[in-house]
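Going down the list, the protein sequences come from chains L and G.
Residue numbering for the first sequence follows numbering that gives the first Met the number 0, starting at 0 and increasing by one per position.
Residue numbering for the second sequence follows numbering that gives the first Met the number 0, starting at 0 and increasing by one per position.
Everything labelled a hint here was simulated from the structure, so no lab data went into it.
Positions of the beta carbon are idealized from the N, C-alpha and C atoms, including for glycine.
One should not assume that every hint holds.
Below, in silico cross-link-like pairs of lysine-lysine (DSS-like), each with a Cα-Cα straight-line distance of 27 Å or less [as the list claims (entries may be wrong)]: (1) 79(G) / 284(L); (2) 42(G) / 284(L); (3) 124(L) / 42(G); (4) 90(G) / 69(G); (5) 22(L) / 12(L); (6) 90(G) / 29(G); (7) 69(G) / 94(G); (8) 69(G) / 79(G); (9) 102(L) / 60(L); (10) 218(L) / 62(G); (11) 124(L) / 79(G); (12) 170(L) / 124(L); (13) 124(L) / 6(G); (14) 170(L) / 194(L); (15) 42(G) / 79(G); (16) 62(G) / 284(L); (17) 252(L) / 170(L); (18) 22(L) / 60(L); (19) 60(L) / 12(L); (20) 252(L) / 218(L); (21) 71(G) / 29(G); (22) 29(G) / 6(G); (23) 284(L) / 6(G); (24) 218(L) / 94(G); (25) 6(G) / 71(G); (26) 90(G) / 6(G); (27) 102(L) / 284(L); (28) 90(G) / 79(G); (29) 22(L) / 284(L); (30) 42(G) / 218(L); (31) 90(G) / 218(L); (32) 79(G) / 6(G); (33) 62(G) / 6(G).
Derived DEER-like restraints, expressed as beta-carbon distance ranges [what the hints assert, rightly or not]: (34) 25(G) / 197(L): 34 to 42 Å; (35) 80(L) / 32(G): 42 to 50 Å; (36) 201(L) / 94(G): 19 to 27 Å; (37) 132(L) / 94(G): 50 to 58 Å; (38) 0(G) / 169(L): 49 to 57 Å.
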Amino acid sequence: MNLNLKLIDTRDKKRWIKFIESKRVKGISRGGQLTIDLTSIRFIYPFQLVSLACLIEEYYKQGWEIEFSNCDSTDVCEYLDSISFFRYWERNFDRNLFRALNKQTAFCLWQLDSSRIHSYLEAAKSFFERNHFEGRSVEPLIICLMETFNNIIDHSESCVFGYTISQFFPKNHIIRMSICDLGIGISQSVNNFRKLNNDPVIPDDDALMAAFQQGFTTKSSQHNKGFGLDNLKSAILSTGGSLEVLTNQAFMKIENNTHRTNCSQWTFNGTLIDVVLDTTQLDVKDLDYSPEDLYF
Amino acid sequence: MMTVNLKLLDLVEGTATNVDGITLFTEINKHLERGNIVRISLKGCGAFSSSFLNSSFGSLFDKYGITDVKTKVIFTDYLKSHERMLRDYYKIFAKFHSN
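Start from the sequences and build out the full structure, keeping to the hints where you can.
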């Protein structure tokens with residue numbers, strides 16, 4: 000069986016995710032060839048890459064061979080080539096080499112692997128601090144990566160482990176970090192917990208909002224204490240950045256410490272998190288270790 | 000009672016995961032059970048994830064109580080960012096899990 004997947008050219012996050020959800024494997028037979036048709040793509044954002052990677056991975060896991068065609072835009076082609084996107088689903092491709100050239104602005108696409116988290120974080124930190132932010136600390140980015148990785152591992156129940164990529168946009172002085180999984184979704188996870196406690200199910204946007212409240216936990220694991228998503232939010236706001244989350248029927252944007260949520264008429268079975276960090280607000284790298292004893 | 004000096008990065012690969020947090024908890028717990036004080040050097044450490052903190056210090060707070068841990072676990076060779084993160088964590092933990 001051959002399937003041609005022609006991508007749509009849009010920067011509208013909701014429209015893009017609706018498109019991705021409509022192309023999920025559900026009900027499609029195993030095996031065959033999936034061709035990703037890039038004809039209309041003129042620009043591709045990190046949130047598009049990670050969600051597309053999740054979709055492709057879903058087919059790949061079902062035994063489909065992956066091909067790419069009609070990449071008409073030289074810029075898009077060169078970019079995708081530089082992050083090894085075209086080779087990612089080749090059988091002999093090593094996903095844990097974290098390839099990134101010094102001149103690049105994107106730190107490589109990566110499928111989350113719990114045994115390689117430290118290596119990835121070290122490589123990402125080193126890449127950005129060495130090539131783009133000498134003398135400054137990318138700690139807020141590292142916190143965002145850690146918290147979203149752990150959130151997926153602990154709560155997502157995802158058939159496709161998350162994909163992430165981080166990209167620096169020098170003209171806008173921002174880093175965009177996107178991460179996507181095809182799990183049960185944050186709102187669903189909150190409502191599953193409520194059902195277990197005989198609490199009524201709440202709308203997805205309210206459930207998503209609840210998940211970001213400090214101290215709220217679904218106790219998916221014994222160690223969960225409800226600090227992770229709040230820590231993510233704090234790290235972003237510390238740089239004057241913003242956060243957008245699309246999950247189930249909910250959409251949330253956090254910016255300048257204000258939350259805006261709404262619900263859509265369609266459901267995304269997964270979670271997309273899109274972070275923007277203002278790099279002009281990154282702190283000077285602190286190397287001054289205090290030898291004093293610290294008590295609390 | 001003696002003071003045991005530990006270097007965090009000699010014990011764990013990083014400070015991102017639960018696995019590392021559990022490793023740290025196990026090591027500190029061993030010394031606290033013997034009635035010792037533990038001094039931990041944070042030299043070379045990066046940021047802490049909430050999962051790491053929950054599985055290490057959070058678990059110690061659950062077992063010994065936050066007041067007891069405050070007097071028996073000391074930090075050294077730390078950056079301002081470490082101090083801020085740990086102070087915040089102790090404060091938030093006390094707020095939601097006071098004992």
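Status of the hints after comparison with the structure:
no. : hint                       : in the structure
1   : 79(G) / 284(L)             : 11 Å, holds
2   : 42(G) / 284(L)             : 14 Å, holds
3   : 124(L) / 42(G)             : 17 Å, holds
4   : 90(G) / 69(G)              : 12 Å, holds
5   : 22(L) / 12(L)              : 16 Å, holds
6   : 90(G) / 29(G)              : 25 Å, holds
7   : 69(G) / 94(G)              : 15 Å, holds
8   : 69(G) / 79(G)              : 18 Å, holds
9   : 102(L) / 60(L)             : 33 Å, violated
10  : 218(L) / 62(G)             : 18 Å, holds
11  : 124(L) / 79(G)             : 19 Å, holds
12  : 170(L) / 124(L)            : 21 Å, holds
13  : 124(L) / 6(G)              : 22 Å, holds
14  : 170(L) / 194(L)            : 47 Å, violated
15  : 42(G) / 79(G)              : 12 Å, holds
16  : 62(G) / 284(L)             : 36 Å, violated
17  : 252(L) / 170(L)            : 23 Å, holds
18  : 22(L) / 60(L)              : 15 Å, holds
19  : 60(L) / 12(L)              : 25 Å, holds
20  : 252(L) / 218(L)            : 24 Å, holds
21  : 71(G) / 29(G)              : 13 Å, holds
22  : 29(G) / 6(G)               : 15 Å, holds
23  : 284(L) / 6(G)              : 22 Å, holds
24  : 218(L) / 94(G)             : 18 Å, holds
25  : 6(G) / 71(G)               : 16 Å, holds
26  : 90(G) / 6(G)               : 24 Å, holds
27  : 102(L) / 284(L)            : 22 Å, holds
28  : 90(G) / 79(G)              : 16 Å, holds
29  : 22(L) / 284(L)             : 44 Å, violated
30  : 42(G) / 218(L)             : 32 Å, violated
31  : 90(G) / 218(L)             : 20 Å, holds
32  : 79(G) / 6(G)               : 18 Å, holds
33  : 62(G) / 6(G)               : 22 Å, holds
34  : 25(G) / 197(L): 34 to 42 Å : 36 Å, holds
35  : 80(L) / 32(G): 42 to 50 Å  : 56 Å, violated
36  : 201(L) / 94(G): 19 to 27 Å : 24 Å, holds
37  : 132(L) / 94(G): 50 to 58 Å : 34 Å, violated
38  : 0(G) / 169(L): 49 to 57 Å  : 55 Å, holds
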